[in-house]
Amino acid sequence: MPRLGWSVLVGIAVIAAGVALAMLRVNPYIYFAGYVILQYVVIATAWNILGGYAGYVNFGTPAFFALGAYTAVFLIRSMTAPLPVLIVAGGLVSALLGLGIGYLTLRLRGTFFSIATLALSVVLQTVIINWEYVGGSRGISVLRPAGPPFGSYVTFLFTVMVGLAVGAVLVARFIERSWIGRGLAALRDNEEAAECMGVPTLRLKLFATTVSGFLLGVAGAPFPYYLTFVEPNSAFALDYAVNGLAMPMIGGTTSWIGPVIGAVLLGTASQVATVTISSELNLLIVGVVLVAFVVLAPEGILGLVRRLRGR
Amino acid sequence: MAGLLLGGFYAAVSLGVSLIFGLLDIANIAQPAFLIAGSYAAYVANSAYGFDPILVGIALTPLFYVIGAGVYRVYYATFERRGDEALRGLVFFFGLLFIIEVSLSMRFGVDYRMAQAGYVGKSIDLGGGVGVAYRYLVPCLVGLAMTLALYLFLGRTFYGRAIMAVSQDQGALRLMGANPVHIKTIAFGIGIAAASLAGALLITIAPVIPSTDRDYIGRMFAITVLGGMGSIGGTLVAAVILGVAESLMATFIGPSWAQAVSFGILLLALAVRPAGLFGR
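Chains as they are written, first to last, in numbering that gives the first Met the number 0: chain A, 0 to 310; chain B, 0 to 279.
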């Protein structure tokens, strides 16, 4: 695949730009906010692999994200594992959960699947609330390792997130361009017909839920070090569920660039709104923008651009 | 005992979902937001003028009926007619849920709100140390009355039968000279009105904050699925099962696990028998 070479090069260039930005040591708030936006790039991209490509709407985004975060908390408490281990482990545990909900799709389609993922999120939150070792309902403080690169730990985490975001987008792009993406699109449009044409629907769905779960877990794993305090309400926040699906919907779900556009736009807008107005108004804006887009521009920004070009 | 009373109330909470999701097949996950909106409407009238919260709830049902009918019209015009209701319709209602919840928390803050009425805090003594609190008994009775009313409405009246018909075969209904969109608008409005009345019951039972709606998403859908999608009698039975299961869980293991019960039942029901106990 010759094109993949180019996209990897672009990805490396983006990471290099991120590292360069980290070395500049501009206003620390930039890294702080940038981390959140990049985190949403990963989340939106991961959601879109299942929701956009395969057409299975996942309301359980917080479950996967928090599972990644709490896996990290567990490993920090039990063996003070280094960050790369946390990220991989968080991803793998969430991938396992993804595989589980993949088997759920055998019986549940459409709405029922979505409601089940929502249920999953609440059940998992209850388990965490009752698990004292990782902080229970009170939450837990996490100490950052000393001596991070780039002066401050948040700056370091920012560069890590740049790498994760690039990785997630490359994975999504690869899936979209390969036969897997075409298979997923076929089952999204008509699952029975795809099955009849010999598309291995179950294997594809399991693949999509697992990869999506893995990336969501990866997004959550650095979260304890970022906030240095983890409690169930912030890790399982409904914001992740609503942003995770609002961003791809606003950007456009059919292409890998859609979630990126949505995450950068909506993420930046909500960072600005949180600082200048209030965090609750910011959530309200996300909700209104989401509904407006779904009603008025169902294909998202990408669809709008395409329509303008078509004329 | 507490579980049985809770069951009657849960039936009231789930009737709207039974109607909208079970019969009309519209995945209105914004339903709990209307429940909480009903709670806050009752709270405002109760705290400002001292009206009985449940009477206010009943008085406000026409208003919520109109809101519900309006929401359905928007939903119909933007999704159902285009034929892509499944994915985007779901997201639409999710956004609606979010907007209502955040608007309420901006208006009223995140403090717990409680309604006052003469009977709240009193109880009947059944002897042997067993008492029944009015604040559980009254909502339970209202819930049972709502269930019975909806059952009779669906079975006996023209519009009720038309709603049953629209859930079975829209084309046939159209051939009979009735407009399915009109019938569905009525049914959706009734569903939302039922949710708002249940919200008034909710605030007499327990204090409410805007994010309470999340606790009820699972309960509503668990009861509807377990009861068998749109079966009113099934909804009542499933509501009682859930109410008893939750209070047993809260008594023997701990109240923090009660939440997981409804979702556990929901996952189990979806995985083992998606048609529910009384499914067609």
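Take the hints with a grain of salt, since some may be wrong.
Unchecked claim - To spell it out: a stretch of chain A is covered by chain B in this simulated footprint if at least three of its residues, at any positions, have a beta carbon under 8 Å from a beta carbon of chain B; those stretches are: (1) 51 to 60; (2) 125 to 136; (3) 163 to 174; (4) 280 to 287; (5) 290 to 301.
What the hints assert, rightly or not - Derived DEER-like restraints, expressed as beta-carbon distance ranges: (6) B:V131 - A:N129: 42 to 48 Å; (7) A:G309 - B:G253: 55 to 61 Å; (8) B:F107 - A:D188: 30 to 36 Å; (9) A:E298 - B:G49: 48 to 54 Å; (10) B:L174 - A:G197: 35 to 41 Å; (11) A:G99 - B:G108: 50 to 56 Å; (12) B:F107 - A:Y132: 33 to 39 Å.
Everything labelled a hint here was simulated from the structure, so no lab data went into it.
Note that the coordinates shown come from a computational prediction; the quantities given were computed from them, not determined experimentally.
Quick reminder that beta carbons are idealized off the backbone N, C-alpha and C, glycines included.
**Q.** Broken hints, by number
**A.** 3, 6, 8, 11
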